[in-house]
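Chains A and B are the protein sequences, given in the same order. When we follow the numbering used here, the leftmost residue of the first sequence carries the number 219, and every step to the right adds one. When we follow the numbering used here, the leftmost residue of the second sequence carries the number 1282, and every step to the right adds one.
These are computed hints drawn from the structure, not numbers from a lab. Glycine residues also receive a C-beta, built at the ideal position from the N, C-alpha and C atoms. Errors might be hidden in some of the hints.
Said to hold, decoys possible - Facing chain B, from chain A, some residues (calculated, C-beta under 8 Å):
#1 N233
#2 T361
#3 T415
#4 Q445
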Amino acid sequence: MRYVDEFRNSTLAQNIAEHIKAVATQPLKLMEVCGTHTMAIAKYGIKNLLPANIKLISGPGCPVCVTPQALIDSFIQLGRLPNVTLATFGDMMKVPGSRTTLEAERARGADIRVVYSPLDAVKLAQENHNKQVIFFGIGFETTAPAIALTIKEAMDLGLSNFYVLPANKLIPPAMMALAGDSEIGINGFICPGHVSTIIGSAAYESIAHGCGIPCVISGFEPLDILQSILMLVMQITEGRSNVEIQYSRAVNKEGNREAMECVNEVFEPCDAEWRGLGMLPNSGLRLRPQYARFDAAQLLGDCMQKPLDNGVCECGLILKGLKAPLECRAFGRECTPEHPLGPCMVSTEGACSAEYRYTVR
Amino acid sequence: MCLAVPMKVIEINGNTAQVEQHGVSRKVRIDFIPNVQVGDYVLIHAGIAIERLKSEEAEETLKIIKALTE
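Let the hints inform the model, and build the full structure from the sequences given.
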């Protein structure tokens, strides 16, 4: 068992698709809220296997895409302070702030490093005492434990030159906000596999039972996604709205207790702004008082720039699943991967990026 | 961003492990996987192991999928 190839068998994929066709007799809207699912669905052509009455829509599952422009501007501004080294995940480098990108800033001489792990940023701080190293804390619940562990590491090492700009967000509050929106009209959620590894399936109970929308936690291989869609269709047909785990090899009801304890020690929930969704209560993470010295926001003080509205960009509607990438006027014209207007095209997991890369033209 | 990759544990040293898959080898933190063993497959995300993969569950999932052909 190697956990990957076995779940890519195309004959089995076709077979699941046949079953979906047989069971799904009415129009259905199923939403995924995970950038990696967005990419996998596009890459494996999942939509081509489904009957026309099933619409797969992409929600705000890309943490890069839902980061408010003002926060990106703040991080860029931090990079302009003296003796600062910025550290970030690679997918933030090309995201447009109001005026510029991290990549453009680096070209102008700012010290910006792409890291694979937040722990690499702590190492940078250890090896460069004369620099203030600031890590951009982007991600959902999958990444929060790694960032929390990193901050604890910085605390244990007694570092005074390491900071995090907190930008973590929580998925269930966003799902709850979308579930209640009748304009979108979601019939079922394909839940994120690795977020669920951390938070457990119990986290979605209030959405399934409270909103009457079935939730299936899905893995990322084609067979996983197709089986999850079949499970959702079965629930809807049978009038059930439960939380089910398709990705049972990695997800259980309670989640990863050690990871959650680490997050809860360092962070606490706070209200957070989501690009496209606005302010959602208790949907973000902020540092607890005992870790507040690591918060990069204190370095900015009052010199915050106001974000500029770009006008043409329709990422807000795309993130809510109200518009598909192809329905955006700028898609493929003013907005391409080489010249992105908004985060949905820039991020490797954005809906527009996935559409552009994998659609046959 | 949610990308986590299954990798096999080759060696364990305190709170780190050496993991491998498809010729890639990397050192990761295993603080969140108590009782991890050499030979286990774990999901790696941003340099941290976030869960141990359960082979019995993987087999069971494939069994259910294959049963759809009958």
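Each hint, compared with the structure:
The closest approach between the C-beta of N233/A and any C-beta of chain B is roughly 5 Å, which is under the 8 Å cut-off, so the hint is satisfied. The interface hint given for T361/A holds, since its Cβ lies 6 Å from the closest Cβ of chain B, which is under the 8 Å cut-off. A hinted interface residue such as T415/A counts as satisfied when its beta carbon comes closer than 8 Å to some beta carbon of chain B; here the least separation is about 5 Å, so the hint holds. Hint status for Q445/A relative to chain B: holds, with the closest Cβ pair at about 6 Å, below 8 Å.
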